[in-house]
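Novice: Listed below, chain by chain, are the residues.
There are 2 protein chains.
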Amino acid sequence: MTIVAAPRTTFTDVQIEMAHGAGGKASRRLVERLIVPLLGMDSRLNDAAYLSVDETRLAITTDSFVVRPLRFPGGSIGDLAVNGTVNDLAVGGSVPVALLCSLILEAGTPTTIVRAEIQAMSAAAQRAGIPIVGGDTKVVEHGKADGLYITTTGIGRVDPRFNLSAGEVRPGDAVIVTGYIGDHGITVLLARGDIDLDADLRSDTRSVYPFVAALAEDVGPGVRWLRDPTRGGLATSLNELARDCRLGVNLEEASVPVRDEVRGACELLGLDPLHIANEGQLVAIVAAADADRALEALRRVPGGDAAAIVGHIDVTPPGTVLATTSYGGTRVVDMLVGDPLPRIC
Amino acid sequence: MTIVAAPRTTFTDVQIEMAHGAGGKASRRLVERLIVPLLGMDSRLNDAAYLSVDETRLAITTDSFVVRPLRFPGGSIGDLAVNGTVNDLAVGGSVPVALLCSLILEAGTPTTIVRAEIQAMSAAAQRAGIPIVGGDTKVVEHGKADGLYITTTGIGRVDPRFNLSAGEVRPGDAVIVTGYIGDHGITVLLARGDIDLDADLRSDTRSVYPFVAALAEDVGPGVRWLRDPTRGGLATSLNELARDCRLGVNLEEASVPVRDEVRGACELLGLDPLHIANEGQLVAIVAAADADRALEALRRVPGGDAAAIVGHIDVTPPGTVLATTSYGGTRVVDMLVGDPLPRIC
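Taken in order, these protein sequences are the chains called A and B. Position 199 of the first sequence, counting from 1, maps to 198 under numbering that gives the first Met the number 0, and the rest follow consecutively. Position 283 of the second sequence, counting from 1, maps to 282 under numbering that gives the first Met the number 0, and the rest follow consecutively.
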C-alpha cells in the first residue's frame, strides 16, 4: 500500500480564529489552502459533492450547526440544521431524498431543550418532505459545547433538467433573489441581547427547494447557477461566482430587497446587509431570455412574492462585484473579511 | 401542509448525562425513547441506514467523534473519524464509496493540531481506499470544544452477496471475532494520564472492510450478521443481537482474545474487557457449516491472525448473553449501564 506524501500547503495562520468560521476570506483560506489540498478534494467549493453510484447521479452534502443562541425568533438550531442541508442539496440542482443527523450533546443540558430541537428537526423535515433516516449521538462534558451541536447530511438525486455551473454563466444573465436579505443574521445577532436594539424581525429559515423545483419546471437549463447565500451573505456568494466565472456581477443596490429593520440595524452596527447571512433565500443566475419567466415562477411559490431581479452579469470588471448605489455611483462589494457575526448557523 | 403532532415519548431523564453517550443502556434509552420516536425513524438501531435511489441500493451512515485526548498510541481522532464510518458501512454489508467530513474547530487551536488531524484523515482514507469528497467547517469560541470535533458521513453500495439481519441468525451459528478486544478503550483511558498505570498498548483503529470483503468472497450468504463492537464493547453488541434475534448468545470466555495488558488494566479498574470499546474489530455471526471457512478467510487478511470462534447461538436463554467462564461456571453478560470510559470515540 502506498501512502502519498502530504501535499504542500500554504496556510500560514498559526491558530484557528473565529473568522475562520465566518464564511468569508479567512474561511476560504482555511478550506482552500489547508483542508482541500490535504484531503485531495475537488477544489471547487460547491455546497454539495456529486457522485455516481452505478447509473445513479447523487448529490451529497454535510454541515455542522453551532448557532448561538439555540432559539431565536422564527426558528432554532434544529430548523437550521434541516433547512440548511436541504438547501445545499437544492442549490446543488438535486431533489432531496434523505437526511442523517448527528448530535453532540453537552452534559447537563435539560431534556426539554434537546426534545424541543429534535421536534424542530422533525417538523422542518416534514415541511421539506424529506425523511431523517439515521444518525448518531455523542455526549461531551458540561462546558464543552453550547447545549448541542448538530451535524446533518443530505443525499439527493441530481435533477437532469438543470446544467448548473459557474462556467455556464454568460454576460447579460440576470441575478435574481427570492426575497428580503439579512433577516436571519440580524435576528440572531439581536437574539443574543448584546446590542440594545429592538426590531420586529424573524429568521427566514425555510427550505428553498420549492423555489428550485419551480425553476426546474418553468425554466430548466436557462438556470445557470444557484446558491443560498448563508454565511458571508449575498456579497460572498456573488464574489465566489464572479471569481469562478471570471465575469463581473453588477448589482443595482436599490433593487435588492432589504427590510427597514435590517437596514437600520446594519447602519447602527456599521455592517453591510449584503454581508449578512440568510437561511431561506436563493440567488439564481438565469439567462436573460428566461429572466422574466423565472421571476414569475419564483413569485408564484408561497413566500416568493418579494423575489426580484437585482442585477446582471457583465464582461467587466472580471472577478468583481460592483454595486450601483441609489445615488448613481458604483462601489466594489468585497467578500467578508473579519467576523462581525460569529456562530450565525 | 399537515404537521403531524409529536408522538408520545417515554424518556424521563431530566437532563443529559455522560452515560447517554457511552453506548450502553442510557444511550439506548435516549435514542429509542426520545430521538427515534420524535424523528419517526426506523427503530432498528443499525450502524447504517439503507436507501434506494432509482435502481441503486445505498447504505449511509454518520458519526460524530469527540474522543479525548485527540491523539493516543496507535491513532488519533482523525483516524477514528475515517475508520469508524468506513466500518459502519462495512458491517452494514456495503462497499464504501465516499466520505464527507464536517469539522467543529475551537478558536485558539494551533494550526499544527488541525493540520495533523486532517493529514490523519487523509492517510486513513487512502489506506481504506475511499475518497473524501466534501465537507464543512465551523468555528466555536475558545473553551466550547476540545480542539476539534469531527463528524464523518459515509455512503456505500449495498453488497448483494450478503443478506445480513438479526432475523437470519439461527441456533448453532458461530460467533467469530477478528482479534484482541479492548485495546482501543484501555489505550485511550491510559492516554488521559488520570490513572497511574503503564502498559504497552495501542488503539486497534483500522478499517475492517478487508475482513468484510473476505467474508463476502468466501462465505457470502452464510454470514448472518456483522457489527463492529465500539462503544459498550463486545458485550453491548452481542446483547443487541440477542435482543433483536430473540435467541441466546453463548460466549466461551477463554476463547475471547484479550491481551494481558488489557486484562490486567481491567482487573485493576474493576472493568470487564467485554465492555471496552474496539475500533478495528469485527464480530460476525456465521452459519455453523461455514464457520471454519469464515475463520480461515478472516485469518488470511493482514492483521487477522488472532481471529477466533468465541461462542455460538443457542435457543436459550432468549435475549441474553451468557459467558462460560474458564472455571466452567456461567455468568450473564449485561450491557454497559454507566459510563466508565467517557468520550472514547
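Source of the hints: derived by calculation from the structure; they are not laboratory data. All figures in this text were calculated on a predicted structure; none of them were measured in a lab. Check before you lean on any hint, since a few could be wrong.
One copy or any two copies: either way a pair holds, since identical chains are not told apart in the list.
[As the list claims (entries may be wrong)] Okay, derived cross-link-like pairs now, SDA-like style, lysine to any residue, Cα gap no bigger than 25 Å in a straight line:
#1 Lys143 x Ala122
#2 Lys24 x Thr110
#3 Lys143 x Met17
#4 Lys143 x Ala198
Novice: Now look at each hint and say whether the structure bears it out.
Specialist: Quick rundown of the hints versus the structure:
1. Lys143 x Ala122: Neither. Shortest intra-copy (28 Å) and inter-copy (28 Å) distances fail the 25 Å Cα cut-off.
2. Lys24 x Thr110: So Lys24 and Thr110 pass the 25 Å test across copies only (17 Å; inside, 38 Å).
3. Lys143 x Met17: Both. Shortest intra-copy (16 Å) and inter-copy (12 Å) distances satisfy the 25 Å Cα cut-off.
4. Lys143 x Ala198: Classified as neither: same-chain Cα gap 32 Å, cross-chain 29 Å, threshold 25 Å.
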